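Visitor: Assemble the whole structure, with the sequences as input and the hints as a guide.
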Amino acid sequence: MSSILKLPIEDRIRLVEDIWDSIANDQSVLDLSEAQRAELDKRLDAFERDGEIGREASDVIAEIRSRQ
Numbered sequence: 000m001s002s003i004l005k006l007p008i009e010d011r012i013r014l015v016e017d018i019w020d021s022i023a024n025d026q027s028v029l030d031l032s033e034a035q036r037a038e039l040d041k042r043l044d045a046f047e048r049d050g051e052i053g054r055e056a057s058d059v060i061a062e063i064r065s066r067q
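So in numbering that gives the first Met the number 0, the last spot in the sequence shown is 67, and the numbers never skip.
Keep in mind the hints are simulated off the structure, nothing from the lab.
Heads up, a few of these hints could be off.
[To be verified] Okay, the calculated beta carbon distance ranges per label pair:
1) MET0 <-> ILE22: 14 to 24 Å
2) LYS5 <-> GLU33: 43 to 53 Å
3) SER1 <-> GLY50: 49 to 59 Å
4) MET0 <-> ALA45: 34 to 44 Å
5) ASP20 <-> MET0: 34 to 44 Å
Note that the structure is predicted; figures quoted are calculated from it, not measured.
Glycine is no exception: its CB is placed at the ideal position from the N, C-alpha and C atoms.
Guide: This is the structure we're talking about:
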């Protein structure tokens, strides 16, 4: 671990991104609980009912920052 902390910040960020990408690629091995599965089904049903795709993250962030 100490050798990782000696890396430049850019390299540590790249390492974290690579690790995160590897987790995303293997997500099929992660089991969902019944509660998680039910929540995802509920959200998918709501999306299919109203077709609302949501808002751009940049818009949401700007709105949050404007409140501060």
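Visitor: A separate judgement is required for each hint: does it hold in the structure or not?
Guide: Do the hints match the structure? See the list:
Take MET0 and ILE22: their Cβ atoms lie about 19 Å apart, and the range 14 to 24 Å holds. Between LYS5 and GLU33, the C-beta spacing of about 44 Å keeps the proposed range 43 to 53 Å intact. Roughly 51 Å separates the CB atoms of SER1 and GLY50, a value that falls within the hinted 49 to 59 Å. The given range of 34 to 44 Å is respected by MET0 and ALA45, whose C-beta atoms sit roughly 43 Å from each other.
Take ASP20 and MET0: their Cβ atoms lie about 21 Å apart, and the range 34 to 44 Å is violated.
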